[in-house]
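K.L.:
What follows is each chain in one-letter form.
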Amino acid sequence: MSPMLRQRKSISVLLAILMMLIAILSGCTKPSSSTDSSNVSTPAKTASSEAPASGGTKSNEKITLRMTVWGAPEEVAAYKVAIAKFEKKFPNITVNLQHIPTDYDTKLTAMVAGNDVPDIAQMESASIAYPLAEQGKFYNLQDFLASDSEINTGRLVPNISYSLEPGNIIGLGPGPESFALFYNEDIFKDAGLTPPPSKASEAWTWDQFVDVAKKLTIDTKGRNANDPAFDPKSIKQYGVNFGTWWGSYSNFIYSNNGDFVSEDGKTFALNQPAAVEAIQKIADLINVHHVAPSPVQAKNIPATNVALQTKKVAMAIDGQWVSAGLAQSKFHYNVGALPVMKKPMTTVVCGMFSIFKSTKHPKEAWELMKALMDPDAAIDMITAGTWMPSYRDWYTDPALLAKWTEKLDSRPSGYKDAVVNVLLNSSHQTPTGYVKNFNKIMDVVNPALDKVWLGQQSAKDAMDSIAEKAQSQVQGRRDVKG
Amino acid sequence: MRKRLFYGLLFTSPAILGFIIFTLGPMIASFVLSLTDYNVFREQTAFVGLDNYIKLFSGEDDLFYKSLGITFYFVILRVPAVIIISFVIALLLNMNVKGRAVFRTIIYLPSIVPAVASAMIWMWLLNPDLGLVNSFLSTLHLPTSNWLYAEGSVIPSVVLTTLWGIGGTVIIFLAGLSGIPKQYYESIDVDGGGWYSKLRHITIPMVTPTIFFNTIMTIIGSFQVFNEAYILTQGGPNNQSLFYVYYLWRTAFRDTQMGYASALAWVLFLIILFFTFIVFKSSKSWVYYEGGERT
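In order, the protein sequence lines correspond to chains W and B.
Everything in the first sequence is counted per my numbering, starting at 1 for the first residue and increasing by one.
Everything in the second sequence is counted per my numbering, starting at 483 for the first residue and increasing by one.
Okay, chain B solo, but in the shape it has when bound:
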């Protein structure tokens, strides 16, 4: 037995060591740093207790609340959009049509485009004067928009650009859909139900575990939005796309206030933890597992 334990540890050691060295260690370090006034360029670092956290919540740093609000807005807009659209796409891709493999490839393709490249593409597409999107809209005599360059439309525009890369979510939905046994649908056929009944009473309940998983992953990913602000908008216009992680990065690497930035990071960690917990709790009432039991 002891030998098996040894082998077990040996073979999992890359993952375990990786976790300890590159995740757990830095996390502990950042928590300790969040209790200090660590500034990379300063020789002395003093322990300041909860001062960083107090400064955050006291309202002294108004960009904290601003970036938090903007990030929430982004999450609220993006999570339902990602889940619904990728679910619909997965349903379509799950149908028995000619060239299904080609369509699946096309949907997944954007996910392997590097984030920077995809952001640059969107910058051109959404360019207010020369961009393809506005040109298309104006030939149809539809109203155009300033997209990324106006305060009101910048967050929806960023959501739009991120929707391009939902291929990964679609793939997971597809896996969930293909796991539904055929006989359930046959029984609906026997009972004389149509496509809506199949969707409502078989498909959706059967993929709730997948929806659950995708929702949590999308929430986490959306709270951590960074690339888009870094590449597309630099937080503008008028700080309207100052996402939380972008603000954190700016505090850490431009203003070199690592201690304060660590506190920002921990607050975000707790927020994500909280929402993940809520979704987990709520899952009892809407996630079904095979065998009919709710978890």
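The following block holds chain W by itself, in its conformation from the complex:
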């Protein structure tokens, strides 16, 4: 082979490699259309009122639905159970489940920017759900609910649907999550104290709660917080622990008849007396009564199940999802109603599922949504303690209620009263679900609250100091017309 020829050959090899590189690079861009079925289904109007229960849409075309979720492996496993059931019912539909455990919002934002969104996606009300909905990216699920024979708004438990404005539902939660007061029974027995009542009607007042918390806060020398010699710098067991995020303190703002914005949605309301009083009382637990760890000290408190088990804390205000962890830690725990400021109240927080407008198969996506909300499919997560069912009859029908609240480690004796009944009778929607521009308001509020939790400023001064700036971010409420 002449040198010339050899050179030619090496060039062609190089060129071939280059071409391959380019091919790989261009392969990174999205396929022109993942669901290139020839016919475009008609949108929501013709929704599934007559979706045959026996299975399948009329045509037998192969359909792929893409769905994105976050969550722990157990939760993904539960989705897979629901999807398997769904695929069995609709043999022509395949669900392509994408699990995005971290940076979910960033990745979904990138998908939106690249015009490559899933058909159905799990969404979080505190982050990108509403910005997307405001740009009309989601179907109004009200249209589906109105014409569906199986589920409607009345069948769902309160506060699990998210609306952009009255009548425009952008997402449905597969189940609620509410707050309650978890405690270690042995600590109460040893101290000879009556544990928190489970019925909301008998719930402790705030003062009773503080009183008990003081008796249960013990320093390293065994003195409790009522002892004049009590040393707040070396506390061995805290009376109570709670998160200092909005989900946690909102329970008490609502209980005290306060709110984040006024009823007409026009005014910032965290600087109003009701909210200020609630925030101050919570901060006083840390800085005046010394019965709760400060946000800095709280970094050393392990997860609620471990904290209660190891007697680092006697009581914990936390979401009911901690039941799963508590059930696995073998010790005597129970749950009571949250202390009451003016009325019993719990905040319901939950993720949601939304259907993207760009889907070619809205009917099928809605069927998938229903499958995901079906408590029977999610029964493992519900009995494990992490989730609660989405259908109201699972709370009111004794047989169904027994399925997920009786004879389970994750559902202690106080659960039905303290969690189930409180959720049904006195629950409030999460502020992220109705306060417009919530994140921007909280960008102003959170730094000020940092100072309140650390005891550097009173709640009144802190909220007054930022009221004007927060007011400029107030844009109204989603549950008020106009």
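What the hints contain is simulated information worked out from the structure, not anything from laboratory work.
Warning: the hint list may mix true and false statements.
[What the hints assert, rightly or not] In silico lysine-lysine, DSSO-like type, Cα no more than 27 Å apart, as pairs: (1) W:Lys342 / W:Lys215; (2) W:Lys360 / W:Lys370; (3) W:Lys440 / B:Lys548; (4) B:Lys537 / W:Lys440; (5) W:Lys266 / W:Lys481; (6) W:Lys460 / B:Lys537; (7) B:Lys548 / W:Lys451; (8) B:Lys664 / W:Lys436.
All values reported here derive from a predicted model rather than from experimental measurement.
Knowing the structure of chain W, use the given hints to seat chain B on it.
P.N.:
Then chain B, alone, in the frame of chain W:
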């Protein structure tokens, strides 16, 4: 000749293409976007001219100035610390001691620990109640600190955590030090000078090009601090660690205001460019190159 040009371009094409596709293209795109109100979730994007920049500087966005101030504070604290400490470490590692290779490895090791892992380690070390640092201080009866969790100490604490990963800078200093010819030191020995004269009149002048390079790289790296805010502090407490790039990221990906975030990015680019330029200009008076000439 033409053939050589072809080969030259062919073999450098991965780098050239990489630069054009992944750096130059996005830069141009982001500059164009910075002149628009591009929001990822919105269908229409309008050209708004310099509005984004005007909004930045007009004071309407007070977090812009706040994050800028905090980032400057961080840069001012970190750059001298990195340069001085890594230079001293490099001097020590350059000495002829037993186990020099082991020490060099130990110093470099943290640099290969992923940023997230190293941040988690520091979170534990600096934990006010359980952390090793405070426990150590209190056994010595020294005052403890809330480190990352107090407004006053959060930036110095972040600087402290980043100092752990200066192995790369040390290596470059070591390379500079090993390039100093032995005979210079011998001449000082002949003249009867001690270690200080060697350091002052030989070592430091001879490594000024390395100091110069490291200073520029550290300035650029420090302005772009992000991981620490993202992992350790989320900008808190009370926005006291809201670094510029963290704020930029939050604007772009949480608030989805890509246009405005692009403007933020360009302002940072110009700031870094400006400081790099200043250091370059000043280098004429303090950087020496072999041959005795100042550049």
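K.L.:
Each hint: holds or not?
P.N.:
Against the structure, the hints come out as follows:
1. W:Lys342 / W:Lys215: holds, 23 Å
2. W:Lys360 / W:Lys370: Answer holds: lysine 360 of chain W to lysine 370 of chain W is near 18 Å, not above 27 Å.
3. W:Lys440 / B:Lys548: holds, 16 Å
4. B:Lys537 / W:Lys440: Within the cut-off at roughly 17 Å; holds.
5. W:Lys266 / W:Lys481: holds, 12 Å
6. W:Lys460 / B:Lys537: Not OK: lysine 460 of chain W and lysine 537 of chain B at ~31 Å, beyond 27 Å, violated.
7. B:Lys548 / W:Lys451: Roughly 18 Å separates the two Cα atoms, so the pair holds.
8. B:Lys664 / W:Lys436: violated, 71 Å
Comparing the model with each numbered hint stated earlier shows that hints 6, 8 do not hold.
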